[in-house]
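*Asks:* Chains as they are written, first to last, in the working numbering: chain A, 801 to 1029; chain X, 623 to 990.
Worth flagging that the hints you see were computed from the coordinates, not collected in a lab.
Note that the structure is a prediction, hence the values are computed from the model and not measured.
Glycine residues also receive a C-beta, built at the ideal position from the N, C-alpha and C atoms.
Be aware that a few hints might be false.
[Said to hold, decoys possible] Label-pair ranges, simulated between beta-carbon atoms: (1) X:L726 <-> A:L1014: 51 to 61 Å; (2) X:A730 <-> A:F937: 15 to 25 Å; (3) X:P806 <-> A:I823: 22 to 32 Å; (4) X:A642 <-> A:V855: 34 to 44 Å; (5) A:G842 <-> X:L726: 33 to 43 Å.
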Amino acid sequence: MLSEAEWSALVASLVVGARAVAIGLPLAVATAWLLARTRFPGRTLLDALVHAPLVLPPVVVGYVLLLAFGVQGPVGRWLEASFGARLVFTSAGASLAAGVMAFPIMVRAVRLSLEGIDPGLELAARSLGAGPLDRFFSVTLPLALPGVIAAGIVGFAACLGEFGAVITFAASVPGETRTLPLAIYAALQTPGGEAAALRLALLSLGIALGALLLADWLGRRARRWSTRG
Amino acid sequence: MIEFDAGLARDAFRVEARFAAEGGATTALFGASGAGKSTLLALLAGALRPDRGRIVVEGEVLDDVAGGRHVPLERRRIAWVFQDGRLFPHLTVAGNLDYGLARLPRGAARRFARERVIEVLDVGALLGRWPRDLSGGERQRVAIGRALLAQPRLLLLDEPLASLDAPRRLEILGFLERARREFPLSMVYVTHSLAEVLRIADRVVLLERGRVVGEGAPAELAGRLDTPLLAARPDAGALLQAHVAGHEADGSATRLDLGGTPLLVPRLAAAPGEAVRAYVLAGEVMLATSRPQGLSVRNVLPARILRLAARADATVLVELDCGGQRLLAAVSRGAVVELGLEAGRDVYALVKTVSIDAPAGGRLLLDP
């Protein structure tokens, strides 16, 4: 039913999205916690920085990444010198671009659920002898779990759909960085590729719907035990 | 042993307090809402950091502003029971109970055994349940158990009964009294209920606008005229110390001995000779200038007027000496003029037997 190129686009999308969420979600949880629960100088700046990808054109985000992580960029050069790793035009690079774009969405979802937790519960945990890290893992994170799961799934879906930042930073390398939207675009650029574009679009739709249903189901399951008692 | 001498500037005023409590005693912090009770408790717990002074609990300096010392809340071993229980909704009752126990430092003394705490608070049947399936009273019992199992050296209770209905309040008070007998531990109890203070506290610290305005045993402070906070309350009254003299033959009432004067109270399950505290509301005491005849009131106590204090609501609070004990009566301003009530005058205090009653909030109290 799907051609080999279409299969490889699907696999590339899933790999790029999964990697971006696996690395991005813990960072998003930490950032959301910092923003929701602490006050420190530079907090507003961090907030703005995290949310910048929401309001910037994705191409600009890709370009900024290229400046920093490109072969000539400071971080890119350091990565190549220290680990021999190169991000541009690789699947990992596509994950970075997609993850940065999805980051504010994940942070918002986690932050909302963190802000819904009664800080009094954390105070109770403190009075029972729980230190900061202990408190976070034994009280805060379990109670925020519905939001964290939702953030992961919505973030994953956003990564699958990312186009501008990925094509700018990681280009459209078949089997590597050519994710579903990039493959749809490529098909539309090819004479007679409309049928392939339609199949890929339907595939995207299916994955998106599946993700939303999964998020809903998991959210309901998680809420059942984390509702305020 | 608690030695508290610290202060902190809050939005509206400064909380500045100094008080001490013996080890094993229950100290009530008493005052109207906004008096600074909760701030004081948060300072003691370590949730807030004082900007002046020292806080010492059982010999350990927990706060010393001059010395720059502040032991964080999680290392103070001071457990805190909140008004709303604050059970962890994602843990079962057993998980909640064990939360503090599991975090005890290695080698810390376990003075309160898990089985014993579960038994005393009667939460054994709840262990597998979730907090959202518990009633308000059950939640509070679990919260108290969870705090005790953290093996604290001081237990803070922040209006633990405020969110419960009246019958539930009495029930939890009973559990608290049992816990207090079973598990010797210093407690600080915040409340604005006089009935709770009289029933549970060994010592009372009166607070007003962030300051300590009185300190002493509950019997001394109940109805103290020079404490506007108490005198102005509708439930102002006097706490009488008495002994059970005997029971009426028909079983309808119990005779108390009030230092020579008999006082009839509703039947009490106590043996003759037992010490009893009876709280008599000022609003339920009438005054007569001569011994009245043909009245249904059975307690007619000879008394002498010590002082009169006008209250804001056009009533006058009369302080009486009744066989060496203080009694308070609230009368109207007109009655004072009409009867010529003044300090030094001998009168009769009339107290209805049924007005000295326990169910309304423990006005009749057995000494522990």
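*Asks:* Evaluate each hint against the coordinates.
*Replies:* Now for the hints, and whether the structure bears them out:
no. : hint                           : in the structure
1   : X:L726 <-> A:L1014: 51 to 61 Å : 41 Å, violated
2   : X:A730 <-> A:F937: 15 to 25 Å  : 22 Å, holds
3   : X:P806 <-> A:I823: 22 to 32 Å  : 53 Å, violated
4   : X:A642 <-> A:V855: 34 to 44 Å  : 59 Å, violated
5   : A:G842 <-> X:L726: 33 to 43 Å  : 38 Å, holds
Taken one by one, the earlier hints fail for this structure at numbers 1, 3 and 4, listed in ascending order.
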